[in-house]
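Trainee: Go ahead and model the full structure; you've got the sequences and the hints to work with.
Listed below, chain by chain, are the residues.
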Amino acid sequence: MLGLIAKKLGMSQIYQDGKAIPVTILEAEPGVITQIKTKEKDGYDAIQVGFIDTKEKRLTKPVVSKFKKNDITPKRVLKEFRVDVGNYNVKDEIKLDIFEEGEVVDVIGTTKGKGFAGVMKRHNFAGGPDGHGSMFNRRVGSIGNCEFPGRVVKGRKMPGHYGNVKVTVKNLKVVKIDAEKNIIALRGAVPGSKGEYINIIKKGK
Amino acid sequence: MDKMRAFEEEIAKSYNKEIPELWPGDSVKVYTKVKEGNKERTQIFAGTVIRRRGGRGLNGTFTVRKESYGVGVEKIFPYLSDTVEKVEIVYRGKVRRARLYYLRNRRGKAAKIRKKGY
Numbered sequence: 007m008l009g010l011i012a013k014k015l016g017m018s019q020i021y022q023d024g025k026a027i028p029v030t031i032l033e034a035e036p037g038v039i040t041q042i043k044t045k046e047k048d049g050y051d052a053i054q055v056g057f058i059d060t061k062e063k064r065l066t067k068p069v070v071s072k073f074k075k076n077d078i079t080p081k082r083v084l085k086e087f088r089v090d091v092g093n094y095n096v097k098d099e100i101k102l103d104i105f106e107e108g109e110v111v112d113v114i115g116t117t118k119g120k121g122f123a124g125v126m127k128r129h130n131f132a133g134g135p136d137g138h139g140s141m142f143n144r145r146v147g148s149i150g151n152c153e154f155p156g157r158v159v160k161g162r163k164m165p166g167h168y169g170n171v172k173v174t175v176k177n178l179k180v181v182k183i184d185a186e187k188n189i190i191a192l193r194g195a196v197p198g199s200k201g202e203y204i205n206i207i208k209k210g211k
Numbered sequence: 563m564d565k566m567r568a569f570e571e572e573i574a575k576s577y578n579k580e581i582p583e584l585w586p587g588d589s590v591k592v593y594t595k596v597k598e599g600n601k602e603r604t605q606i607f608a609g610t611v612i613r614r615r616g617g618r619g620l621n622g623t624f625t626v627r628k629e630s631y632g633v634g635v636e637k638i639f640p641y642l643s644d645t646v647e648k649v650e651i652v653y654r655g656k657v658r659r660a661r662l663y664y665l666r667n668r669r670g671k672a673a674k675i676r677k678k679g680y
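In the order they appear, the protein sequences are chains X and R.
For what it's worth, my numbering labels the leading residue of the first sequence as 7, then goes sequentially.
For what it's worth, my numbering labels the leading residue of the second sequence as 563, then goes sequentially.
Please keep in mind that the hints were generated in silico from the structure rather than gathered at the bench.
Among the hints, a few may not be true.
Said to hold, decoys possible - Below, simulated PhoX-like cross-link-like pairs (lysine-lysine); rule was C-alpha separation at most 25 Å, straight line:
hint, chain 1, residue 1, chain 2, residue 2
1, X, K25, R, K595
2, X, K43, X, K127
3, X, K25, R, K671
4, X, K25, R, K579
5, X, K120, X, K101
6, X, K43, X, K67
7, R, K565, R, K628
8, X, K13, R, K575
9, R, K579, X, K187
10, X, K25, X, K45
Claimed, not checked - If you want the ones that stay clear, here's a sample from chain X, every Cβ over 12 Å from chain R, calculated:
hint, residue
11, G16
12, A26
13, L32
14, Y94
15, I114
16, R128
17, G137
18, G147
19, L178
20, N188
21, A191
22, A195
23, K200
24, N205
Note that the Cβ used here is the ideal one computed from N, Cα and C, for glycine as well.
Mentor: Rendered as structure tokens:
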């Protein structure tokens with residue numbers, strides 16, 4: 007399951023077959039393979055890929071020396087992908103060309119944080135009437151019975167922290183790829199705000 | 563953000579379409595492709611441009627209003643949609659605002675827009 011890191015640039019639309027398709031435009035970050043893990047040595051097969059150049063002083067010395075050993079510029083993010091290791095070598099580049107137009111991918115990202123949210127925003131409760139002195143405008147309502155069961159049922163939907171969680175969006179179609187400019191357009195929305203980094207994961211075994 | 567704009571411009575260019583220079587009040591004929599089963603034919607929607615929105619790029623649209631058998635009909639066309647074949651400007655109208663919503667309250671001759679230059 008190979009993947010990439012990409013920065014969300016924003017949303018737009020593309021016309022295809024007489025229809026306007028909503029797309030999220032992302033700028034992919036090319037990655038470099040920093041290490042190949044094998045079953046014999048590490049207990050599992052995987053490639054470790056570094057993304058986004060960074061300054062040496064921002065990393066700890068052991069991490070920097072790891073990059074230096076293979077003569078790779080230091081990277082901010084390291085990700086592992088469990089793939090068949092045979093075809094990969096250290097210092098190989100992982101670029102947008104791993105995807106094709108028309109392919110379906112998964113996206114992993116962090117949603118926008120909403121802070122402490124009420125029950126209407128968080129759980130889509132209907133709320134009460136706004137006028138006629140209702141005084142029940144955005145309130146929770148009853149959270150249970152009386153003596154039986156004598157407690158609030160577990161999992162009861164209530165106000166609380168909303169957003170800022172890791173979310174996987176499955177089966178987004180790749181509408182357009184510009185491999186030269188490292189830009190990819192996916193059908194539909196992607197978690198997070200503009201400028202945020204998300205993972206695009208190839209589907210498959 | 564600039565990369566986003568560059569991408570949008572590139573996409574817009576790739577459609578190879580001439581973007582008509584429309585103004586509110588213009589009387590236009592919009593040639594649209596209509597699919598009927600397997601056949602495709604061109605339908606003309608003739609009316610007045612009452613609104614333009616979202617620039618003239620990927621997101622831009624314009625609204626055309628006409629009266630059909632006594633009923634007002636409005637259609638929103640994206641500039642770059644591939645169903646819009648071409649837009650023919652019949653005449654330019656003389657109007658004093660950007661959004662001609664007041665036409666919705668008028669019918670017949672009162673809803674007529676004077677030609678520019680008369």
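Trainee: Run every hint past the structure and note whether it holds.
Mentor: Outcome of the hint check:
| no. | hint | verdict |
| --- | --- | --- |
| 1 | X:K25 - R:K595 | holds (12 Å) |
| 2 | X:K43 - X:K127 | violated (44 Å) |
| 3 | X:K25 - R:K671 | violated (36 Å) |
| 4 | X:K25 - R:K579 | holds (16 Å) |
| 5 | X:K120 - X:K101 | violated (33 Å) |
| 6 | X:K43 - X:K67 | holds (21 Å) |
| 7 | R:K565 - R:K628 | violated (39 Å) |
| 8 | X:K13 - R:K575 | holds (24 Å) |
| 9 | R:K579 - X:K187 | holds (23 Å) |
| 10 | X:K25 - X:K45 | violated (48 Å) |
| 11 | G16 | violated (5 Å) |
| 12 | A26 | violated (6 Å) |
| 13 | L32 | violated (10 Å) |
| 14 | Y94 | holds (29 Å) |
| 15 | I114 | holds (22 Å) |
| 16 | R128 | holds (31 Å) |
| 17 | G137 | holds (29 Å) |
| 18 | G147 | holds (41 Å) |
| 19 | L178 | holds (17 Å) |
| 20 | N188 | violated (9 Å) |
| 21 | A191 | violated (8 Å) |
| 22 | A195 | holds (15 Å) |
| 23 | K200 | violated (8 Å) |
| 24 | N205 | holds (19 Å) |
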